[in-house]
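Protein chains: 2
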Amino acid sequence: MRIEIELKQEIDNSYQIYIEPLKKLHIDSKVAIITNTTVKKLHIDYLLQRLEAVEVKVIELEDGERYKNIQSILSILDNLFENHFNRSSKIIAFGGGVVGDMSGFAAAIFQRGIEFIQIPTTLLSQVDASVGGKTGINSKYGKNLIGAFHQPKAVYIDSHFLQTLPRREFNAGVAEMIKMAVTFDAEFFNWLESVDLTDKKSVQDAVASSVRIKASVVAKDEKEMGIRAALNYGHTFGHVVEREGNFEKFLHGEAVSIGIIMANRLSVALGKLTHKEESRIRTLLERYSLPTLYHIDDIEKFYEAFFLDKKSGDNSITFILASNIGSVEIVKDIEKSTVIDALKSYNALGAK
Amino acid sequence: MRIEIELKQEIDNSYQIYIEPLKKLHIDSKVAIITNTTVKKLHIDYLLQRLEAVEVKVIELEDGERYKNIQSILSILDNLFENHFNRSSKIIAFGGGVVGDMSGFAAAIFQRGIEFIQIPTTLLSQVDASVGGKTGINSKYGKNLIGAFHQPKAVYIDSHFLQTLPRREFNAGVAEMIKMAVTFDAEFFNWLESVDLTDKKSVQDAVASSVRIKASVVAKDEKEMGIRAALNYGHTFGHVVEREGNFEKFLHGEAVSIGIIMANRLSVALGKLTHKEESRIRTLLERYSLPTLYHIDDIEKFYEAFFLDKKSGDNSITFILASNIGSVEIVKDIEKSTVIDALKSYNALGAK
Chain A
1 MRIEIELKQE IDNSYQIYIE PLKKLHIDSK VAIITNTTVK KLHIDYLLQR LEAVEVKVIE
61 LEDGERYKNI QSILSILDNL FENHFNRSSK IIAFGGGVVG DMSGFAAAIF QRGIEFIQIP
121 TTLLSQVDAS VGGKTGINSK YGKNLIGAFH QPKAVYIDSH FLQTLPRREF NAGVAEMIKM
181 AVTFDAEFFN WLESVDLTDK KSVQDAVASS VRIKASVVAK DEKEMGIRAA LNYGHTFGHV
241 VEREGNFEKF LHGEAVSIGI IMANRLSVAL GKLTHKEESR IRTLLERYSL PTLYHIDDIE
301 KFYEAFFLDK KSGDNSITFI LASNIGSVEI VKDIEKSTVI DALKSYNALG AK
Chain B
1001 MRIEIELKQE IDNSYQIYIE PLKKLHIDSK VAIITNTTVK KLHIDYLLQR LEAVEVKVIE
1061 LEDGERYKNI QSILSILDNL FENHFNRSSK IIAFGGGVVG DMSGFAAAIF QRGIEFIQIP
1121 TTLLSQVDAS VGGKTGINSK YGKNLIGAFH QPKAVYIDSH FLQTLPRREF NAGVAEMIKM
1181 AVTFDAEFFN WLESVDLTDK KSVQDAVASS VRIKASVVAK DEKEMGIRAA LNYGHTFGHV
1241 VEREGNFEKF LHGEAVSIGI IMANRLSVAL GKLTHKEESR IRTLLERYSL PTLYHIDDIE
1301 KFYEAFFLDK KSGDNSITFI LASNIGSVEI VKDIEKSTVI DALKSYNALG AK
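As they're listed, the protein sequences go chains A and B. Under our numbering, think of the first position of the first sequence as 1, with each following residue one higher. Under our numbering, think of the first position of the second sequence as 1001, with each following residue one higher.
No lab work stands behind these hints, which were simulated from the structure alone. Honestly, I wouldn't trust all of these hints.
[Claimed, not checked] Simulated pairs of lysine to any residue, SDA-like, Cα-Cα distance not exceeding 25 Å:
#  : chain 1 : residue 1 : chain 2 : residue 2
1  : A       : Lys153    : A       : Gly113
2  : B       : Lys1030   : A       : Lys153
3  : B       : Lys1090   : A       : Arg228
4  : A       : Lys220    : B       : Ile1027
5  : B       : Lys1140   : A       : Lys8
6  : B       : Lys1153   : B       : Ile1027
7  : B       : Lys1008   : A       : Ser209
8  : B       : Lys1090   : A       : Gly113
9  : A       : Lys8      : B       : Ala1229
10 : A       : Lys220    : B       : Lys1030
Quantities reported herein were computed from a predicted structural model and do not represent experimental measurements.
Next up, chain A with everything else stripped away, as it sits in the complex:
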């Protein structure tokens, strides 16, 4: 005998992203602000001055990707239990991508899920991590391998926090914006070429455009079955560069910058991108001191590393390729020799 469990539901995970100076934030429950030592020192007063809640508890994590692990999650959960947080309590993720990923994951599994709010403080997390609902931690087997999809209830993006951000980290965030522009929005790319992201206004506008692009992609593909993969432009190559540098030599955005140039070599070889477009993208990245050259010592090994990195099941590599500026193609089954040749021609860029 067979019984059908009907769980077709209209789920509304919609939320608002506010891109403006933080105003009063009223929360009618207990709140845990999860942050790290650096952000706490610089900005906790700014947040507390604007926050009203039934009770506020600040949970402080060590600063750094190496603390993005299960031990940190368990210590967050212990803290919540000890302070009698319950199903109607809320979490505020206050920091960069690492804090956001961990706070979101803790919120996802505390008593089977409570609400969380994001207040991202780095440019990268403002344009990237704040949209999409991916939460998680690293394990010894790799990055982001344990986690959940858990959408925030609201995101507050305030460029105030960027004032204290080191230039290098700011630029790494710009790499992700350029990525969005190249793959989805030619007009945004043209605009980026025409401005300098030095004043608050233009940064805020650029963040807004990036968030809008990512939001529209995520809305179409919340759980990354299709088009959302296009957000990984520059990442297939970039991840290998990151790993070769032991995740220390390059910031994520810097590795993506290098990865974009590599991917573009392949696009040009396949006739999807003109030399002129390739050059415009590289010029824009370099304007923000982003690295574009890198010497691949062992091209064969570099190629093999694509297979280590894969979460998906099958054995072909998916390449995300810019197809002129402003659009993107997801291409499988590119011949190995074509990829190897593109990597060789990439190496040659540095030899010039």
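Fit chain B to the given chain A structure using the hints.
Quick look at chain B alone, frame taken from chain A:
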């Protein structure tokens, strides 16, 4: 400036529950069967003979509620990573409620969620844990405090496994069936009074009725915001009994049986249940050797314990009360003295 992230989606978490002898099971990916030492010894061959998959890995947990913790989850995840499981791999939960809760939670957080299939082997997990999508583990702060909602892809209920189930555990499962009948289905209750659950056919029919009831409740309220709370009939009282017995003296279903009788005393006091109905329920429970009497040493302390147990935020206790056989009421704000008097009259049952 404000950007709306539109994530209104028609989510289809529907699945089939098969209540029949297990036939061939074809799975076109790698599969991890998560089970415990006892079930593995008794039934793994039965399952393996019927299972076809790309690759099968058996992950064996220790048997018992005290292993339902984060360490077991981490060891499952390590095992999956070491064996190169990926996003398209699947998990089969093969055992009772503890195995089901843990396997489901591991499936929920492995690479942000993979599919899992339930093959429950105890009567309790067949009627209860296999429907609803609640997964999770215990922490030192309490039961099921860490977890996620993650629906299975399919559930296979085969009464074959019940042959090896100790009588006491079988009866504890019957308590949950009686709970479903009292709260939602008078006809099912009448039928239960008319049969003896000794032959396979009647057990299978009783499981099917229970599953149908739970399924219809869960479909209305997947994340336990309203009517689903009614499934906790007997549980508010039962949990305190369980805790007083250190979770060792009584099986969960036995504590629920006692809790039902306590809740019914309150129903009778409030005029929601007749003496005759109360007596029919008790008679049915006792037919399956389920405990109905229990001496509350300190009634005041017993009452206070309701507040410790609560996951919800506010400070009132919600009572789930049978309102005649076949329907249920969720009642808040019952005067403390009324509850205390009902507990006194419960104690008096044992003194007779």
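Hint check:
1. Distance hint between lysine 153(A) and glycine 113(A) is fulfilled; the C-alpha atoms sit about 12 Å from each other, no more than 25 Å.
2. Taking the CA atoms of lysine 1030(B) and lysine 153(A), the gap is near 36 Å; set against the 25 Å cutoff, the hint is violated.
3. For the hint pairing lysine 1090(B) with arginine 228(A), the CA-to-CA distance comes to about 23 Å; that is within 25 Å, so the pair holds.
4. This hinted pair does not check out: lysine 220(A) and isoleucine 1027(B) have alpha carbons roughly 29 Å apart, beyond 25 Å.
5. Restraint check for lysine 1140(B) and lysine 8(A): the C-alpha separation of about 35 Å exceeds 25 Å, so the hint is violated.
6. For the hint pairing lysine 1153(B) with isoleucine 1027(B), the CA-to-CA distance comes to about 12 Å; that is within 25 Å, so the pair holds.
7. Between lysine 1008(B) and serine 209(A) the alpha-carbon distance is near 22 Å, which keeps this suggested pair within the 25 Å criterion.
8. For the hint pairing lysine 1090(B) with glycine 113(A), the CA-to-CA distance comes to about 23 Å; that is within 25 Å, so the pair holds.
9. Restraint check: the Cα-Cα separation between lysine 8(A) and alanine 1229(B) comes to about 20 Å, which is no more than 25 Å; the hinted pair holds.
10. Restraint check for lysine 220(A) and lysine 1030(B): the C-alpha separation of about 29 Å exceeds 25 Å, so the hint is violated.
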